[in-house]
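As they're listed, the protein sequences go chains A and B. For the first sequence, position 336 (counting from the first letter as 1) is numbered 1552 according to the working numbering, and the numbering increases by one without interruption. For the second sequence, position 9 (counting from the first letter as 1) is numbered 1225 according to the working numbering, and the numbering increases by one without interruption.
Everything labelled a hint here was simulated from the structure, so no lab data went into it. A couple of the hints might just be wrong.
Pairs count within a copy or across copies, as identical chains cannot be separated in the list.
20 Å max Cα-Cα, derived SDA-like pairs, lysine to any residue [as the list claims (entries may be wrong)]: (1) K1222 with L1306; (2) K1222 with G1532; (3) K1244 with L1473; (4) K1365 with G1532; (5) K1334 with M1359; (6) K1422 with N1295; (7) K1375 with F1243; (8) K1238 with K1375; (9) K1222 with A1399; (10) K1222 with M1393; (11) K1222 with M1313; (12) K1222 with S1301; (13) K1296 with Y1534; (14) K1365 with P1298; (15) K1396 with P1341; (16) K1252 with A1309; (17) K1222 with A1309; (18) K1396 with G1532; (19) K1375 with N1295.
There are 2 protein chains.
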Amino acid sequence: MPLLRKDPVTHEWVIIATERSKRPSDFKNSETTEGKPPFSPDCAFCPGHEGLTPPEVLAYRHPQNEPNGPGWWVRVVPNKFPALSIEGDLERAGYGMYDQMAGIGAHEVIIETPEHDKSIANVQPVQAQEILWAYRDRCLDLMQDRRFKYILLFRNHGKVAGASLEHPHCQMIALPMVPKDVAQMLDGMTRYHDYHDRCIYCDMVKQEINFGERIISMNDQFAAFEPFAPKYPFETWIVPRHHARSFIEESRSEVALFASILQDSLMRIGRCLKFPPYNFTLHTAPINQERDCNFHWHLSIMPRLTIAAGFEMGTGVYINVTAPEDAARHLREADVTPDEPIPAERELVESHK
Amino acid sequence: MPLLRKDPVTHEWVIIATERSKRPSDFKNSETTEGKPPFSPDCAFCPGHEGLTPPEVLAYRHPQNEPNGPGWWVRVVPNKFPALSIEGDLERAGYGMYDQMAGIGAHEVIIETPEHDKSIANVQPVQAQEILWAYRDRCLDLMQDRRFKYILLFRNHGKVAGASLEHPHCQMIALPMVPKDVAQMLDGMTRYHDYHDRCIYCDMVKQEINFGERIISMNDQFAAFEPFAPKYPFETWIVPRHHARSFIEESRSEVALFASILQDSLMRIGRCLKFPPYNFTLHTAPINQERDCNFHWHLSIMPRLTIAAGFEMGTGVYINVTAPEDAARHLREADVTPDEPIPAERELVESHK
């Protein structure tokens, strides 16, 4: 018998189609995202090609190196083809019965490493921390711009997941409004808080740890688990076990623990599902609001194993062919031995400080 | 400068990324959906293979033919691998802080024609009417089941759009709740009605006809146009020009006019974009509600030309690389001469009456 399950935050129903239930080996990826060269002569993000991108807005590099040249380990540049424009005013206007405004926003690319064949999943742990720290640094800068109300960090891995460039990168978009899906989360969190006087994500993490059946891994500060009502097979959430509205509140040591569980989760998904294309999104508290809102930041990893079709597009209800308890068991049991021994961490020069 | 436009019904923002604007020839379909054989020996939906599907719930066939044998022109069967189960009670239950219920619903397949190489887009006009009439007949039957609150008709055309079987078919799912996206539409329609005392879709159609720039085609009862804030390039809506809550209110002559503009729109999209994969969804008023709700039924065609990635999945905000005014111009100018002269319409035996 299929199940209908409700996301506790957004109240969206999901169909868990247990009779169609699929194991990891049942998914046939059209794409595996392994096996790239370590350097590509055509790649705008490989070192030595810095002139092919717009000038960097942030780079972690040794101080002896010039900006916009090689010698960096994380580099952030504006998107060459931005979805939104950084210049101008919102110019809200009616158009007959319709509403529009100028597409103001920021669209930046975090180049995760100089190495074309790596990704945030398999770089050295310290490098993964640096990528996330760069995101934090960019948030702190972008939120000074009072026009921006929300910043999303996201990653498209593989063509099927919408990546147009191969070199490992994630993206940030700053928006002039709180987008619909986040507004819906906020609404759900507020309703729960009004009713229970507690944070729904805090309660959820505790319950998941108690139940155990959807837990994938844990450390002192974070838990990785399959949500109760996942839209996608093997969808994985990473949620802080401590209450934190925004990613920018986290210290270096918390970011290190987060980087570690993120790498572990991506490695488990990769090993279990033959390195499938995936997206991840990091949701954090809206910015420049008139008053503080309830939030609890978190990250969602969504492997791209199935296709959303007419039913999903017409209802917002997703059919998920893998029960999250099964997915969690497979991911818990995945082999996470590193491909090669982790080398000694190189000295970090925090040139950005 | 990109534009942010708001859907007048759902209040969802969409980014029209005008600087990335793409013409029809800029889209490279991974798939073209033409060139199938007229009959396939392996196809469960081809005539003579009726035993490979669950027993039919409706068929338009000559009265001398037995059910579940050949001789039909439209056939409706339960989905062999249904997302929801027709048997059982909802059994709403808590599970810790979570909510779930049994996956009760109906999931049916409308086999559009015995011909493996045709589709609703290019069958004879009378056959297209019959397909839509079969949908109406099934609605009238399914709505007798008081457990069901919403019925969606949808079509997945091509693998990229989620079709797993080649033979032309559309699907219906009856749900035990009003799904999120429809609830959002209802909410928007009600707010507009409360404010203006008019139906938002009635106003929208009139305005689109007045403005003209997004209109694709029209007849006495229907208009096809690009919406002001389309999520997808070349997204096309067909909306009745008369107010009608539900598809089941339409007469034979209105269904004929609707079939005609639907075939015309699909042909324009096919010719313009090299017969791309697409989905369509038909939204109609919820059923078995405690009181009647505002609604105005309509159909949305969504060609699958781009990939929703992390940004869309994390925000619900879509980036559309083709301005709807440009898309409408291309679709208006598309050649809609039939491939072959339309043969005389065969006599219809309305065995279902």
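Broken hints, by number: 3, 5, 6, 15 and 16
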